[in-house]
Amino acid sequence: MVYFSKALFKQSIKANWIKWVAVTLATCVMLAIVIIVLGSININGIRDSLKGVFEQANQESYLKENAIDSYSAYLTTTELENTLYTKELNEEEQGTLKTIWGVLTSGYDTKISEYQNSHEGQKPTGEELTKIRTESVNEVVALMSSMSSFYPEIGEMLEQVDEKTLVMAIDSFLVAYEEGNGVSIDKENGATLLNDIRPILESTYLKIVYNVAYDTYMQQENATEALAVDSATQAQNLTKDAMDTYKNDALQDGVLNPEYVYNADNYKNRASEKVNAMIYDQAYKMTYATSTADSDEEKDAEAKQYAVTAKIISNTAISTYELCLAEGQTKEDALKLATQSVTDQIDEEVAVALEELGNMDIYGLIIGSIFYRIAGLLLPMVFVIMVANGLLAGQVDSGSMAYVLSTPTRRRTVTVTQMLYLMMALFTMFALVTAVSVVSIWIVGGNSFAINFAEILLFNLGAFLTMFAFAGFCFMCSAIFNRTKHSLSIGGGISMFMLVCTILGLFGSNVVPSAMRIDQMNFFNYLSIITLFDTTTILSGGISFIWNFLILFGIGLVTFIIGVFCFDKKDLPL
Amino acid sequence: MEEEIVIEVSNLTKDYGQNHGVFDLNFYVKRGETFGFVGTNGSGKTTTIRHIMGFIKPQKGEVKVLGMDAWKDSYDIKKYVAYIPGEIAFPDLLTGMSFLKTQAEFLNLKNMEYANSLIKRLQLDPSANLKRMSKGMKQKTAIVAALMADKEILILDEPTTGLDPLMRETFLELIKEEKKKGKTILMSSQMFDELEETCDRVALIFNGKIIDIADVSTLRNSTTKSYKIEFLNKTDYSKFKRTKFNIVRDQEKYFQVTVQIEDKDINKLFKVLKNYKLKFISEVKNNLEKHFKDILAKEVKGG
Numbered sequence: 000m001v002y003f004s005k006a007l008f009k010q011s012i013k014a015n016w017i018k019w020v021a022v023t024l025a026t027c028v029m030l031a032i033v034i035i036v037l038g039s040i041n042i043n044g045i046r047d048s049l050k051g052v053f054e055q056a057n058q059e060s061y062l063k064e065n066a067i068d069s070y071s072a073y074l075t076t077t078e079l080e081n082t083l084y085t086k087e088l089n090e091e092e093q094g095t096l097k098t099i100w101g102v103l104t105s106g107y108d109t110k111i112s113e114y115q116n117s118h119e120g121q122k123p124t125g126e127e128l129t130k131i132r133t134e135s136v137n138e139v140v141a142l143m144s145s146m147s148s149f150y151p152e153i154g155e156m157l158e159q160v161d162e163k164t165l166v167m168a169i170d171s172f173l174v175a176y177e178e179g180n181g182v183s184i185d186k187e188n189g190a191t192l193l194n195d196i197r198p199i200l201e202s203t204y205l206k207i208v209y210n211v212a213y214d215t216y217m218q219q220e221n222a223t224e225a226l227a228v229d230s231a232t233q234a235q236n237l238t239k240d241a242m243d244t245y246k247n248d249a250l251q252d253g254v255l256n257p258e259y260v261y262n263a264d265n266y267k268n269r270a271s272e273k274v275n276a277m278i279y280d281q282a283y284k285m286t287y288a289t290s291t292a293d294s295d296e297e298k299d300a301e302a303k304q305y306a307v308t309a310k311i312i313s314n315t316a317i318s319t320y321e322l323c324l325a326e327g328q329t330k331e332d333a334l335k336l337a338t339q340s341v342t343d344q345i346d347e348e349v350a351v352a353l354e355e356l357g358n359m360d361i362y363g364l365i366i367g368s369i370f371y372r373i374a375g376l377l378l379p380m381v382f383v384i385m386v387a388n389g390l391l392a393g394q395v396d397s398g399s400m401a402y403v404l405s406t407p408t409r410r411r412t413v414t415v416t417q418m419l420y421l422m423m424a425l426f427t428m429f430a431l432v433t434a435v436s437v438v439s440i441w442i443v444g445g446n447s448f449a450i451n452f453a454e455i456l457l458f459n460l461g462a463f464l465t466m467f468a469f470a471g472f473c474f475m476c477s478a479i480f481n482r483t484k485h486s487l488s489i490g491g492g493i494s495m496f497m498l499v500c501t502i503l504g505l506f507g508s509n510v511v512p513s514a515m516r517i518d519q520m521n522f523f524n525y526l527s528i529i530t531l532f533d534t535t536t537i538l539s540g541g542i543s544f545i546w547n548f549l550i551l552f553g554i555g556l557v558t559f560i561i562g563v564f565c566f567d568k569k570d571l572p573l
Numbered sequence: 000m001e002e003e004i005v006i007e008v009s010n011l012t013k014d015y016g017q018n019h020g021v022f023d024l025n026f027y028v029k030r031g032e033t034f035g036f037v038g039t040n041g042s043g044k045t046t047t048i049r050h051i052m053g054f055i056k057p058q059k060g061e062v063k064v065l066g067m068d069a070w071k072d073s074y075d076i077k078k079y080v081a082y083i084p085g086e087i088a089f090p091d092l093l094t095g096m097s098f099l100k101t102q103a104e105f106l107n108l109k110n111m112e113y114a115n116s117l118i119k120r121l122q123l124d125p126s127a128n129l130k131r132m133s134k135g136m137k138q139k140t141a142i143v144a145a146l147m148a149d150k151e152i153l154i155l156d157e158p159t160t161g162l163d164p165l166m167r168e169t170f171l172e173l174i175k176e177e178k179k180k181g182k183t184i185l186m187s188s189q190m191f192d193e194l195e196e197t198c199d200r201v202a203l204i205f206n207g208k209i210i211d212i213a214d215v216s217t218l219r220n221s222t223t224k225s226y227k228i229e230f231l232n233k234t235d236y237s238k239f240k241r242t243k244f245n246i247v248r249d250q251e252k253y254f255q256v257t258v259q260i261e262d263k264d265i266n267k268l269f270k271v272l273k274n275y276k277l278k279f280i281s282e283v284k285n286n287l288e289k290h291f292k293d294i295l296a297k298e299v300k301g302g
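In order, the protein sequence lines correspond to chains A and B.
Going by numbering that gives the first Met the number 0, the residue at position 60 of the first sequence is 59; the numbering climbs one at a time, nothing skipped.
Going by numbering that gives the first Met the number 0, the residue at position 14 of the second sequence is 13; the numbering climbs one at a time, nothing skipped.
Just so you know, these hints were derived from the structure itself, not from any lab.
Hints may be right or wrong, so weigh each one.
Derived DSBU-like pairs: lysine-lysine, alpha-carbon spacing no greater than 35 Å straight-line [claimed, not checked]:
1. K208/B to K238/B
2. K5/A to K224/B
3. K284/B to K273/B
4. K569/A to K270/B
5. K13/A to K134/B
6. K263/B to K569/A
7. K78/B to K109/B
8. K569/A to K71/B
9. K273/A to K239/A
10. K206/A to K568/A
11. K240/B to K56/B
12. K9/A to K137/B
13. K284/B to K5/A
14. K56/B to K5/A
15. K569/A to K56/B
16. K569/A to K206/A
17. K130/B to K484/A
18. K233/B to K5/A
19. K568/A to K71/B
20. K208/B to K227/B
21. K179/B to K100/B
22. K208/B to K569/A
23. K9/A to K263/B
24. K180/B to K227/B
Here's a subset of chain A near chain B, in silico, CB distances under 7 Å, partners left out [as the list claims (entries may be wrong)]:
25. A14
26. A288
27. S290
28. D293
29. S397
30. S399
31. T406
32. P407
33. T408
34. R409
35. G553
A few chain B positions that, by computed beta-carbon distances, are all more than 12 Å from chain A [what the hints assert, rightly or not]:
36. K29
37. G31
38. T46
39. K77
40. L93
Cβ atoms here follow ideal geometry from the backbone N, Cα and C, with glycine treated the same way.
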């Protein structure tokens, strides 16, 4: 049995087409305007500049920290060099040094000769050599801490690095030992041994500096491999410069000048100058690499401009740092004061709110949360409320249903036909809205627009399913009640109530930045099925919205079917 | 020839509370018969008709049309039934003609010839806007919609409301023609005369109960008649009252009596009256209205 009446379907189209056209056109025009206007003006201007402020502040902080770190590292290096060259080891310390060296070298030698014995005198190469080195290193890692007892600066340095770096450091000892490297090791005398080890310690230190600088740089937002390598190399060069400067000043013919007195102040100016030059260079390269300017000249100009700013910032930071130290502040406090940026001076809550405002997705908010969940639903909802009522309750109330039902037409034929009409009207309406939205997105830049094609299609599907649920509900009310006033006040009333709840709930939902959000208002979201249409999840790329879509479809389907069955059984005042 | 019962209502009860509804109704309509339904507003005429149309479900009792249950077999019954609802409200369509065409589609009616002849007879302008039609125009449209499919059973709920007297005549003519075609008609009205003119039997419904079912032909062909006589003076009046005539009503104040008399005895009356001074004599028509009013008066007195 086919519960469908072509005549009734046509009649419903004739009775409602004007409403359909009006609502569809209005919604389409509204949507097109929203998308095209949003796409052609820079709505994110304020947002971007706010975001810029925070990015700049972060960059500035990094810059200042980098400057001060490099600056104090420069001074520490000279100090370290001074310790390396002036420190007199006592006998016990010399013994320890000898032991470490002995363990390291003899373990290594033994392993090499063992290998040669089992490989017909062949020397280990490549992977085999590395393996032997690694084994020796592992044996001596534990002993390294003893070395810190007479070179606390090295100990400090070693404490800051991870085991990998430590292993690498010892490894470099062995490489130097293995290659001879101009180092002749006198195992009998600890003092001479120290002379031999010094260059190895320096080269290890440089490697550590390199690694630390590399890792720190990579934590930055726009970091690239190449720039990190460059930055690390520069940090290494800076340290090398500190070492060379010290040697230049303190050593004559490789021997410490007896009249030389170490004074950090002597190196401060040079440190500051070198660091500023390094920061300038780094800032230039980074800006040049990330610049969006068209020509190389423009990129160059932009990079130069920023590099100058960076140099000034660096210089200021170092001066402030020195000033703070001179005023008797601890190193930590001085660093904190000197690296402060604009945003550090704002109250933390305000800073968080402002940063959130800077990260807010205004397109997602306006097109997703406001248009598709509220403004764009309003007219289709009015259409659904009016038409669903008119399809059954209205005709029963006025009595015009009598003309259909006095012909050989089943009640179920009437309800199923009207249901199909409502579904079809809604479907075609949203098909058009979808077409308009896709074309609008295409006009404003397609997938490069803040909202891409997939997202806009999901928005439309979600809005359709939401309206499908409302249509089912209104249809059910229309089928249950004989009076228009009851059908409208229950069906339309609850639907409108839910839409209003979604409007109020918007101010409590997390799409609104916390500066404007009232968390208690989120309660309203629990009162509305529109909450199941979750545009935020769609925009964030999650797939949990699929279940909610199924629930909305289910609500619509079940209420439609309940409506059909209720209408079969009730008394009609016709 | 055995008379087939087309509509049968037995023990039908639908209680809407506060004495509204219908209570234990029993009646039947035979094939070819025109059955009238008369009663005041809210007496239960429309409720009964809605039951026959299968729009509402009986609380007790049952309604059968052509032997089928009016509620359960509502769909099959509609193949034989045409209906004019009591309230005139049309679907949301533009013109009378588009309404009639849609209706024809529902009825699966291809040939509009009969419909067009009805339109002509009722002087209906089918191109008029449905919403702006006068009450009479709407009623005419509804009549055409119901009659055009030439169904064998017609159920008409106050079909003459809104029609001007001339149109009413035309409509009653139409009904009579339908009746001649052998159709079974059930028609409700508040007007006694139009029921008397068209119906074979008329039921009086009051407060949801059928008080009486009158056979119109018996009423029409009755051999007993009543005459109202007013005397000029009290002496004659008193003297007449002592005669043997059957006095059904006596109004001393006006010196009036109403005498009921068989047609064959009419000459006796005139012979007697020759000796009296009369102001007037008039026949009191024993029509449906009088018949029901008498019964209703008794009912109200008794109830």
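Against the structure, the hints come out as follows:
Between K208/B and K238/B the CA atoms are separated by roughly 44 Å; this puts the pair beyond 35 Å, and the hint is violated. A distance of roughly 59 Å separates the Cα atoms of K5/A and K224/B; the hinted pair therefore is violated under the 35 Å criterion. Using a Cα cut-off of 35 Å, the hinted pair K284/B and K273/B holds, with the two alpha carbons roughly 23 Å apart. A C-alpha spacing of about 68 Å is found between K569/A and K270/B, which places the hinted pair above 35 Å, so the restraint is violated.
Taking the CA atoms of K13/A and K134/B, the gap is near 23 Å; set against the 35 Å cutoff, the hint holds. For the hint linking K263/B to K569/A, the alpha-carbon distance of about 59 Å lies beyond 35 Å, and the restraint is violated. With a C-alpha separation of about 15 Å, the suggested pairing of K78/B with K109/B holds against the 35 Å cut-off. Distance hint between K569/A and K71/B is fulfilled; the C-alpha atoms sit about 12 Å from each other, no more than 35 Å.
Distance restraint check for K273/A and K239/A: the Cα-Cα separation of roughly 11 Å lies within the 35 Å cut-off, and the hinted pair is therefore satisfied. Proposed proximity of K206/A and K568/A is contradicted: the alpha carbons are some 87 Å apart, above 35 Å. For the hint linking K240/B to K56/B, the alpha-carbon distance of about 56 Å lies beyond 35 Å, and the restraint is violated. For the proposed pair K9/A and K137/B, the alpha carbon gap of about 22 Å is at most 35 Å, so the pair holds.
With a CA separation close to 55 Å, the supplied pair K284/B and K5/A exceeds the 35 Å bound. Annotation: proposed proximity of K56/B to K5/A holds, straight-line Cα distance about 28 Å (limit 35 Å). Annotation: proposed proximity of K569/A to K56/B holds, straight-line Cα distance about 8 Å (limit 35 Å). The hinted pair formed by K569/A and K206/A fails the criterion: a straight-line CA distance of about 88 Å is larger than 35 Å.
A hinted pair counts as satisfied when its Cα atoms are at most 35 Å apart, and K130/B with K484/A qualifies at roughly 21 Å. With a C-alpha separation of about 78 Å, the suggested pair K233/B and K5/A falls outside the 35 Å cut-off, and the hint is violated. For the suggested pair K568/A and K71/B, the alpha carbons sit about 10 Å apart, so the restraint of at most 35 Å is met. At roughly 33 Å between alpha-carbon atoms, K208/B and K227/B fall within 35 Å of each other, so this suggested pair holds.
A hinted pair counts as satisfied when its Cα atoms are at most 35 Å apart, and K179/B with K100/B qualifies at roughly 27 Å. At roughly 24 Å between alpha-carbon atoms, K208/B and K569/A fall within 35 Å of each other, so this suggested pair holds. Under the criterion of a C-alpha separation no larger than 35 Å, the hint pairing K9/A with K263/B is inconsistent with the structure, at around 67 Å. Restraint check: the Cα-Cα separation between K180/B and K227/B comes to about 41 Å, which exceeds 35 Å; the hinted pair is violated.
At a threshold of 7 Å, the smallest CB-CB gap from A14/A to chain B is about 3 Å, leaving the interface hint in force. Residue-level restraint check for A288/A is violated (minimum Cβ-Cβ distance to chain B is 68 Å; threshold 7 Å). Taking 7 Å as the C-beta cut-off, the interface hint given for S290/A is violated, the closest approach to chain B being about 65 Å. With a cut of 7 Å, the hint placing D293/A at the interface with chain B is violated, because the nearest CB-to-CB distance is about 62 Å.
With a least beta-carbon distance of about 4 Å to chain B, the hint placing S397/A at the interface is held under the 7 Å criterion. Interface hint status for S399/A: upheld, as the beta-carbon distance to the closest one in chain B is roughly 5 Å, under 7 Å. A hinted interface residue such as T406/A counts as satisfied when its beta carbon comes closer than 7 Å to some beta carbon of chain B; here the least separation is about 4 Å, so the hint holds. For the restraint placing P407/A at the interface with chain B, the shortest Cβ-Cβ distance is roughly 4 Å, inside the 7 Å limit, so the hint holds.
Taking 7 Å as the C-beta contact cut-off toward chain B, the hint placing T408/A at the interface holds, the least distance being around 6 Å. Restraint check, R409/A versus chain B: the minimum CB separation of about 5 Å is within 7 Å; hint holds. Taking 7 Å as the C-beta contact cut-off toward chain B, the hint placing G553/A at the interface is violated, the least distance being around 31 Å. Residue placement check: K29/B keeps its beta carbon more than 12 Å from all beta carbons of chain A (closest about 22 Å).
Non-interface call for G31/B relative to chain A: holds, since the shortest CB-CB distance, roughly 21 Å, exceeds 12 Å. T46/B, annotated as away from the interface, has a beta carbon of chain A within 12 Å; the closest lies near 9 Å. Annotated as non-interface, K77/B brings its C-beta within 12 Å of a C-beta of chain A; the closest such distance is 4 Å. With a minimum CB-CB distance of about 7 Å to chain A, L93/B fails to clear the 12 Å threshold, and the non-interface call is violated.
Hint violations for this structure: numbers 1, 2, 4, 6, 10, 11, 13, 16, 18, 23, 24, 26, 27, 28, 35, 38, 39, 40, all remaining hints satisfied.
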